[in-house]
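Sequences are here, hints too, so could you generate the full structure?
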Amino acid sequence: MAAKAIEMKKQLARLRDEALRHRAQFAEVRFASLRQTSIVLQDGRADRVAERSRSGLGVRVLLDGAWGFASTESPVYADWLTCLESAVSLARVSSARIEQPVELAEVEPVVDEVRAEFAVDPAGVPLDRKLAAIRGYEEASARRAGDRAANLLTGYSDAREVEIVCNTRGTLVSSERVRTLVWHTITARDGSVLQRGREIRGEQAGFELVEATPAEELSVKAAARAVSLLRAEPAPAGKFPAIFHPSITGLLVHEAIGHNAEADHVLSGTSILEGKLGAKIAADCVTIVDDATIPGSWGSYRYDSEGVPGRRRVLVENGVLKQFMHSLETAARMGVAPNGSARADGFVHRPIVRMSNTMIEPGEQSLDELMADIDVGILLRGGQWGYVWCEKGQYTCHAGEGVMIRDGQLAEQVRDVSISGMTLETLANVLGASRDFELQMPGNCGKNGQSMPVNGGGPYLKVREIVVGGQA
Amino acid sequence: MDELLKLAEIACRAAVRAGADFADASVEQGRGVSISIEKNAIQSSDARQWARISVRAFVNGGTGWFSGSGTSEEAAADAGRRAAEAAKAAEPDPDFVDLVSPAPLPEVPGLYDPALAEIAPGAVAEWAVSNVDSARAVCGDAIVSGRSGVSWNRWAFANNLGVAVTQQTTAASVNAHVVIRRGEDVGSFFEWDSARGLADLEVEGIGARAASEALRYLGSRPVKTGVMPVVFGPLSSDGLIMGLCAAASAEEIQRRRSFLIGKKGEQVASEALTLVDDPLIPGGLSSSRCDGDGFPHRRLTLVERGVLKTYLHSHYTARKSGEENTGHSTRGGIAPTNVIPALGDKTAADIITEVDDGIYVALANPVPDTASGQLSTLVDAGFRIERGRLTHPLKNTMIAGHGLEVLCNIDVVSSDYRAEPGRVLPTVRVRAMNVASAD
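First to last, the protein sequences are chains A and B. Once you know that position 400 of the first sequence is 1511 in my numbering, the rest is easy, because the numbers rise by one and skip nothing. Once you know that position 436 of the second sequence is 443 in my numbering, the rest is easy, because the numbers rise by one and skip nothing.
Simulated from the structure, these hints should not be mistaken for lab results. Note that the coordinates shown come from a computational prediction; the quantities given were computed from them, not determined experimentally. Please note that a few of the clues may not be correct.
Said to hold, decoys possible - Listed below are the simulated DSSO-like cross-link pairs for lysine-lysine, each with C-alpha atoms no more than 30 Å apart in a straight line: (1) B/K327 with B/K316; (2) A/K1387 with B/K402; (3) B/K46 with B/K316; (4) B/K327 with B/K95; (5) A/K1387 with A/K1433; (6) B/K46 with B/K231; (7) A/K1558 with B/K402; (8) B/K95 with A/K1387; (9) B/K402 with A/K1391; (10) B/K353 with B/K231; (11) A/K1350 with B/K402; (12) B/K353 with A/K1433; (13) A/K1433 with B/K402; (14) B/K271 with B/K327; (15) B/K270 with B/K316; (16) A/K1391 with B/K46; (17) A/K1391 with A/K1558; (18) A/K1332 with A/K1387; (19) A/K1350 with B/K231; (20) A/K1558 with B/K46.
So, in structure tokens, the structure goes:
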């Protein structure tokens, strides 16, 4: 281990011990650093090359049953002491105004060091090689779109994150993660009609991700979609039987169920799943998993930001709600074992309950079988974004494109459209899931001002009906 | 703040010494406190400090960026060098001419309040607690979550042509999300207030307002799918207006990915819509002395009686197209500041009364896609309008249309409005829009 890392851990342990002198029931000092390189290639020119470097300390103190948290970007130990004092003083502010003292679940302390796994260290790859790779994506897209290409944007980024968690339970965990991401967005034009196509690939991997991602799977796919959408009509409005592409299934499972299954939402009285543990909440064919252990996946981690091992969590099994995602605090409040779901966005935020890689398990049908008995319906694909009002169970997802289903067959293509539904109605109305499965939505989920890498996916999913926000 | 400005200048000099033709640097230092509420009680009190520097360097027009933590002279010089190295790796941009030259900058009063900069965390916690109390005074079993917070920021900006700017700001906000349950029925609403000065902040009553609204949203139902008038309340009309401004970014236009390409000087909305962008409003949340490039801010008419008067420019896009710089750079992008719609002569109540069969959208984000112009979004909170009255709250209802059609179908902007610092948020009615629902 590098001398610098050993010294850092010593300093963190020293600060943790200092917290005990303030009578803290629990204290956690967390150092996080990020180094990121990104390149944007636009219309044939790499006109932006950026480097980002941030590091700092977050201190969380539980005192008199209340939390205080403070962060600093300073590397100086004296400033860390001030940061600790600030967290202690804020815990005292909270403690005078809490209704129920915070308690934390017991877990075995862990001492470990996790190194990132990759084949080709992106830090060792020269910028011109990175640039050449993404230029290949752009050129392939331009060839595919021809004179329909109005604007081409191609991006590359790699990042190295380090998080060291040191707490008064004896946990001292250092986690290194390396991420590589490539994306391509094309705007295609035909007269006054503009349509976009976008594809993204991201993994916890090195530069080998780029080498293993052919243009056909990224930029050519985006170009083909954008060009074909130029001829598409707006989607119709109203209720329709629907089949979700895995990317829409991923959005649905993340927005509609994932957020509602975060135990802090449940405990705050804002989840529709409150009081439903053990109850049937979905059709038999629905099994929903949040799995932090998938090697290389964008949302995976060995340890969460409380130093608890990440794991595979079956949230819904054959339609029955089995468990929530937990932090040490929410696990104690619900009287269950923690399951390693507390994650923090860098050092400036405290850990909160988050998802990792969330998916619906595959079924046994083919896409053709799912479509066979639909007279008029819609296949939605190109999942882009979504959000949920947890307390109402009302969610929306935006699809980049749709294809009408007529007499069990794919028919005309329709343009970008949003759908909405009520979570429990939708889950009860799932009629089937395909064997085909995809987990390919690397992105960032926002919650309480924190942005966290997650992934999502699933099979093609058939739903009895969904509201399509189209045009009459 | 001279020490921050000195760091920005050190970074620029280091970038130029390392081979950059041009460079600018932004240095920020600040702190903030936020108190979060979950289920009617304080969940956590958080403090944050930041000190960071960001340098943009140009070599033959290619842009290199470096941003990092720390505000020492060494960190500034290192940031400058690294930005220059990144710029050398970027490719030449023949459209890049230069950076902004020094010019007198206006002063904008009301952006900094020493009372907020020095406020004790305990007082901020009291704001949060008082909003729980006020919500539960309206409805005893209201479930309240939310946040109160303050921040103080010092900013310095310099470029190698001599632009040197400093600005100090404070901000405070209080919000409350109230949920009321009656069996399986749920009513909820989100309210907030924000300000640059303590005197302008409504520290109590946010919870009460959210609770009163949440009660109104019990008993929601879908409506029939169809084409009907849609009234956008103050909190949702902003999405339409800001969506129009986003598509008017000269960067989007020049990169051929906006539905407003070729629309400058043309009708892009109905005559009911006139929009002014004013970054100099005292105490405005989006007010400042200059844009992200250091270009002096000024008041500007964006849309006049539905006609798009200008695109929104940065120094780069203005040079590229030979048009006037409008001062809308965010240093990496383009964005409007305080957008003020001209008001009409009917109240929101009058506007609703005139609708025989339609919907009222209280909360939604009706922003058209910048490229395609397509708008398809969920009504987060809204009401059915029948014979001029709000009859029942909406459930699982969506609205859709093409941005230009929707904007051209605006038939009235209200005379009354919700005021936010620097902003005027009126009620807006669209004659006809696609409404899809589960009925």
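Here's how the hints hold up against the structure:
| no. | hint | result |
| --- | --- | --- |
| 1 | B/K327 with B/K316 | holds, 18 Å |
| 2 | A/K1387 with B/K402 | holds, 22 Å |
| 3 | B/K46 with B/K316 | violated, 48 Å |
| 4 | B/K327 with B/K95 | holds, 21 Å |
| 5 | A/K1387 with A/K1433 | holds, 9 Å |
| 6 | B/K46 with B/K231 | violated, 35 Å |
| 7 | A/K1558 with B/K402 | holds, 24 Å |
| 8 | B/K95 with A/K1387 | violated, 58 Å |
| 9 | B/K402 with A/K1391 | holds, 23 Å |
| 10 | B/K353 with B/K231 | holds, 28 Å |
| 11 | A/K1350 with B/K402 | holds, 14 Å |
| 12 | B/K353 with A/K1433 | violated, 54 Å |
| 13 | A/K1433 with B/K402 | holds, 28 Å |
| 14 | B/K271 with B/K327 | holds, 16 Å |
| 15 | B/K270 with B/K316 | holds, 9 Å |
| 16 | A/K1391 with B/K46 | holds, 26 Å |
| 17 | A/K1391 with A/K1558 | holds, 27 Å |
| 18 | A/K1332 with A/K1387 | violated, 42 Å |
| 19 | A/K1350 with B/K231 | holds, 10 Å |
| 20 | A/K1558 with B/K46 | holds, 17 Å |
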